[in-house]
Every structure is written in C-alpha cells, then in structure tokens.
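**Student:** Taken in order, these protein sequences are the chains called A and B.
Note that this note's numbering numbers the first sequence so that position 151 is 151, with each residue one more than the last.
Count along the second sequence starting at 1, add 255, and that's the number in this note's numbering.
Do not take every clue at face value.
Cβ-Cβ distance ranges computed for the label pairs, FRET-style [to be verified]:
id : chain 1 : residue 1 : chain 2 : residue 2 : range
1  : A       : Pro-235   : B       : Leu-505   : 55 to 63 Å
2  : B       : Pro-464   : A       : Val-76    : 45 to 53 Å
3  : B       : Ile-757   : A       : Val-32    : 38 to 46 Å
4  : B       : Lys-560   : A       : Lys-160   : 32 to 40 Å
Per the computed footprint, the stretches of chain A lying under chain B, defined by three or more beta-carbons under 8 Å from a beta-carbon of chain B, are [said to hold, decoys possible]:
id : stretch
5  : 180–191
6  : 217–230
Quick caveat, the hints were computed from the structure, so don't treat them as lab data.
Backbone N, C-alpha and C fix where the C-beta goes; we use that ideal spot for every residue, glycine too.
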Amino acid sequence: MSTISASLLATDLGSPHGATADDHWVHHLWNVTYIIGTPLAAIVLGLIIWCLVRYRARPGDTRRPPQFQYHIPLEVTYTLVPLALVAIVFAFMYVPENKITDLPKSPALTVTAEGFQWGYRFVYPNGHQETGSYSSVTNIDDETDLPTLYLPEGKTVEIKIVSDDVVHGFYIPGFLYQRDMIPGVNNVMKINVTRTGRFIGECDNLCGVYHAYMRFAVDVMPQAQYTAWYASQQPGSIHNWTPNATPSNEQAAGK
Amino acid sequence: MTIIEDRPGSGPSTDATGTEVHQERLMAMVPGPRPRSWVKFITSTDHKQIGLNYMVTAFIGFLVAGLMAEAMRTQLIVPNNHFVTLEVYNQLVTMHGTIMLFVVLGPFAFGLANYIVPLQIGAPDMAFPRFNNLSYWLYLSGFLIMLGGFLTNNGAADFGWFGYAPLTDMVHSPGPGADMWILGIALTGFSGIFTAINLITTVFCLRAPGMVMFRMPIFTWNMLVTLFLVLLAFPVLTSAFALLWSDRHLTTHFFEANGGGQPLLWQNMFWFFGHPEVYIIALPYFGVVTEVIATMSKKPVFGYKGMIGATLGIGALSMGVWAHHMYTTGAVMLPFFAAMSLLIAVPTGIKFFNWIGTMFKGVITLNTAMLFSVGFLGIFLFGGITGVVLAQPPLDFQLHMTYFVVAHFHYVVMALIFGVFSAIYYWFPKFTGRMLDERLGKLSFALLFIGVNLTFFPQHDLGLRGMSRRIATYDGNLGYNFENLLSSLGAYITGLGVIPTIINVWKSLRTGAIAGDNPWDGQTLEWATSSPPPDHNFESLPPIRSERPLWDATHPDELTRAGH
C-alpha cells in the first residue's frame, strides 16, 4: 500500500515536508486549505449528486415540480458563508506571506544567481563562479553535471536573481519556493536550508528550445565543510560544469 | 415593434409535421431560388448562419488543437522521448494554447450567442448584420494565419501562448511564425471587439416589447457581461501586440530591458487582458449550464436576480486579479491581488448554490445535455478549489509554473469544453430541426469524463513533485514516469470521447428524429419559433411577462411569479 501511495502521491497529499526554515508556513497553509476546502467540496458535490438521484425523472414521469424561485435567507447565507471562508483563508495567509518574502537585515551570505539560455551561473562574494549550461552531450537522465549552488546548512542566505537574456525561473521544488529571473528586474530572495543534501532546481519559464534541459543543483553542506570549500576557491575563478564546455553565450548565439 | 405583426401565420406549432408545412410557406414568401449552402456560408448576414459558421469553425479548431495535445502527451508518455523534436514541442505548446483560447472557447461562445441571443430576446437579427459577417471573416482569417505559421521555414510561434518578452523579440524568435501569431491573434481580437459591439447593441436596442433587462434569460445576461469584459480587455491585448510588432520590426524597445524598456510591462499588459479572458471564456458556459439545468429540471433558475448579481460581481472582480499570474515576479502587490483572487471565488460559489437550488425538488431529466452540464459542475468545482490554492502567494511560490497549474486550469477549461458539448446537445435540435442520438451522446460523455479526469488528476501530483510545465521531455529518475503514463492514456481516452459526438452530429443531420419547435419543454423564447427558425426568427411572440415567457405560454395555469 505504501508503495502505491509513494508512486501516486508525492508528499502527504500536498502538505510538503520541505527542507527550509520557512516551509512550516507553507505546510500550515496547506492544512488550512484542506480543512476548509475538503468538506466544502464534499458538501457541494454531495448536494449535486443527491439532487440528481433524489429528483431524477422516472420513465413516463409527467409530474410538474414546484416552481419556487427565491428564498432570501438562504441566498444571504450562501453569500455570507463563502465570504467568511475566504476571509479566514486570507487571514491565515497574510502573516506567512510576509514571513516568507521578508528579507534578512544581515544575511550570512549573498550569492548572485544568473539565468541564461540555457544554464545558470552562481557568483560568490569573492567573484568565484559555478556555471554550467546545456550542451550537445547533456543527458536529461543525468543529474551529476548540473551547475551547482553550494550553500551552508542552517544559515539565512540572500540570493540575488537576475537574467542575462529572456525570462527564466529559479525554482527548487524541495524548497517550496521560486522566483522569476526577469531581465530588468533585480529580484532578491532569502533561503535558510535546514537539511544537508543535494536538491534539484529547474527553470520553469519557457525560455527557448532547450528549456527542459535548463536545470541546476543545490548542494547544502554543514557550515564547516562549506567554509573549507569556499576557502579553497580562488577569487574570480570559474568552475564550469558543462562537459566539452563552450562559453555559454557563444553557444546561445550559435544555436 | 413591427416585427411581431408583420408576417402572416398562425404562430408556432409544436407538431412536427405542422412545422414543415409552416416552413415551406415562409420559404415561398422569399423571392428567387434558395442559395446553396456554400454561398450562404460566404454571403449570409443572417445571425443564425453566422453563428453556425463560428461554431463549426471553432469545433474544427478544437479538433486541430486537440490533436496537438495528443502529440504532446505522446511525447511525454515516457521520459526522454523523441516523438517530436524540442522545437516542434514548443510550437505545439504555443499553438495548442493559442488556438484553444482564441479560436475555440471564446469564438464558440460568440457563435452560440450569435445564434441564441437574438432568439432569446425576441429580436429578428443582430443590430449590425453585415458587421457581424465581417467579424466572422476576421476571425477565420486570424485562425488560418496563426495556423499558417506551421508552413513557414522556422515553424509556428514557439514561446508559449502568453509569449513573455523578450523571448518574442527578433533576436530570440526571428521567424515569420511569430509575426503570423501576432497578426492572427490581433485579427481574432478585432473580431471579438466587433462581436461585442454588435451583441451589446442588439441586447440594448432590439429586445422585444416586454423583454426588460430583468426578464432576459441567464445565458443572454452572461453574454452581455462577457462582452463588456471583451470591450475592456481586448483593446489592451491589441495594443500590446501593436507594441510587440513595433519592437520586432521598427526597432522600438517597449519590452527590451537593454533599450530602456520593461519586459515586465508585457506581462502586465498581457495578463490585464489574460485574466478577464478566463472569465470571457467561462461566463458564457456558466450561462449554458444554467439554461440546461433549469430546463431539464423543469424549474425556474433559483435566485435569478442573485445569479445576475454574481455574474456582474465576477465581471467586476475579474478586472482586478491579473497579477496573480505574476506573484513570483517579485514586482506586484501580493496582499491586494491575493485578496481579489480569493474574493472572486465567492460569486462563483453563489452560482453553484443557484444551480443546486434549481435542481432541488425538480424533476430532472438526465439526458446527454444535462449530463454534460452536471459534468461541468463537478469538474469546474475541482478547478475552482485548486484556484483558491493557487491564489495564496505562499502556495503559488511552491506551485507556480508547475504541472499543478496545468492541472488546475485544464480542470477549468475542460469544464468549459463540457459546456460546449452541453450546448451542442441542448441546442442542436433548434439549429437543425433534428434530435441527436442519446446513446452516442452518453457514450461520448462517459469517455470524456473518464478521460479528462485520468489526464489531469495525476498532473496535480506531478506539480507537487516539482515537474515544471512546458518541458519537452523529463528526467526519468524523479518519480514523474507513472503519472505521465496515466495522463497520456487519459488524453487518448479523451480524444476517443470526441468521436461519438462527431458521428452523432453527422448521422443525426440526416436521420435524427424530428425535433419539433420545443423538444425540451423549454422556457425561453428560442423554443417559441420553428426549428430551425425562419429568416427573421418569429411569426409571433408570446407575451413577455417574466423571464420565462414560453413557460408562461405553455403552462398558463402556473405563471412564473415576478419578484420574491
């Protein structure tokens, strides 16, 4: 049974078990939505089906039903109750929304994430770059050669999000969060990953031919390991993840 | 009004043989030979002929864009598939969306309104019949031009139906396919604007004596609100397309960041049109199911005035929710658009209770038209609830641009497609004078209902797993495989489900049972004339003393009570 549910349902009916400091807010909103939405849908659907069964015409039925048309108290009720329900949803949503989008005053680290056709470039404060893009040998079933963003565990990190050419997406399903990469808009987001490990990220805005291949990875390490990794990177150095790499801009132009 | 009295005749007859005699007499009054059907197709300014032109063209568009969907689902049936190339996949994504939105759902409703609205308000034709003919030809040209993109060197447009700048500029999309896409949509946009002007004028100026606004059937009311939304939204779209064309060909920089322009401006302009567009395509089918449910339950619409209020509320709110497509841009005011997007669920919810109230204590004939309407309710309900999920920015940050969104809006639009089928089964007897076959209709319904749910339900979970939309192929290691397989099988079942209806229409045109004027015991005026209606529609009209003039005429012992 658990294998069936594992192959059919991703994460606990949508209430996600994420990996960030903010994801309990998302979890909380899913719960609110389920608690209000499920009974509401069941009642409405139940009423529809009940009416169809209870009041169906039998063969040869010539009855004429009562021709009532208005019932003001009922109409007021079914206007006010949904109004109250969406007000409740909004009230539950308002605080989490601010918590999730708030930016830290003093982030532990600021990284710039640049999207381009069709890859990512992550620039660290010392100028070190991790970059990678689609190339002719990219295999979609292979997650090992994706450009990787290294982050320390349990620290609030600020990520500046920009695009070099067209609109891209910066989306990590495991973090339950995304921002668009839009030329002309300097987006900033914060993230605090509370679990070490490797997460796959992807572009989710159609951005041209190789959109499906535009992916990246996030590698979250304990702080000490991250510090050691960062110290070993030469300022201004570029680490290119793409096999048989050609500079990404040429590749885009020569499509 | 002279229209009621200026033709001789004894009024509509419900007797089938009587109807034929009746029609022959009318035809004999028109001098000269009857035109052949293709001449009528090109030259007719009769609102009924133009309405049928629209509906048939839109249905062909539905089949074309549906085949594109089947090709996409075949590409995605297994990971790392090579059924179509990446370029072709992007073209299919774009043209499937564009055709379904601009050629199928909106124009089918415009065609239906062309046919039904003048009948429902007791008018002889539209206010501007030649203008009406022009609208149709602009629409057909737009459809053919955008489809013609496939015949060009670089293929059709390939940047998604909302074409986010700057992917649409000359550098990233150099081919003529993009220009044909711009031109095609602009033409269908003009067609929509002209239809709106025409129908709004018709509703305001050509109502029969006694047909005050609060006696108009719900379908007509919904079309009126829809067409006001068209007038508000489509000109913005046309302007955006003019600016885009200018960026492409006159080297302006409205949407180019490196020339001082703003790619985000495109998103704002497009969605300022794009969200009202959702209600432009939805409200007409809300109207259709309201008519079908009331007729098949043999009851008046429950809370008629409240329902009109809800429609007006949806129309007003729909102009203020566009930025919920842009939560993740980081450039919109989240609480305002979240509040508006949640609020629009309220009038939609009211409609559900109106529909339930209409069925309550009725005598419900569960024929194919009613089945499709009830199918509409179930599927739309689910699409509406996932809409409330996506209206919350924190959840949208998780789900934006994933398959969850694809599943959400396909539940909405497939519900509308059920509205299309319901309209076909409900009004076909009026269009042709013949009934559709119930067994083929129910088969069609069963296949479509199973197919749609099997296609789109698993996509919610794919979105929760993080599968982004519009990817031409996917990684086989991320748990997407099984649900994509289910979804593709569902798409094939959905495709099969359309076939019985096509056979049904083909067969019933020739051998269907004769319908007579009023096969459903209808309540509104389109059932008060012959099937199909004669030129200028009515021999005589029953007195209009409520929103159900025909019910009052056929059930004089129980007149519809006005007010509460």
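**Student:** Could you run down the list of hints and mark each one as holding or not?
**Tutor:** A quick look at each hint next to the structure:
Range check, Pro-235/A to Leu-505/B: Cβ separation about 45 Å, and the 55 to 63 Å hint is violated. At about 34 Å, the beta-carbon gap between Pro-464/B and Val-76/A misses the expected band of 45 to 53 Å. Restraint check, Ile-757/B to Val-32/A: a C-beta distance of roughly 45 Å satisfies the suggested window 38 to 46 Å. Our hint of 32 to 40 Å for Lys-560/B and Lys-160/A is violated, since their Cβ atoms are close to 54 Å apart.
A count of 8 residues in the stretch 180–191 of chain A with a Cβ less than 8 Å from any Cβ of chain B is obtained; the coverage claim is therefore met, three being the minimum. Chain B is given as covering the stretch 217–230 of chain A, and this is violated because 0 residues of the stretch bring a CB closer than 8 Å to a CB of that chain, at least three being needed.
Of the numbered hints stated above, those contradicted by the structure are hints 1, 2, 4 and 6, listed in ascending order.
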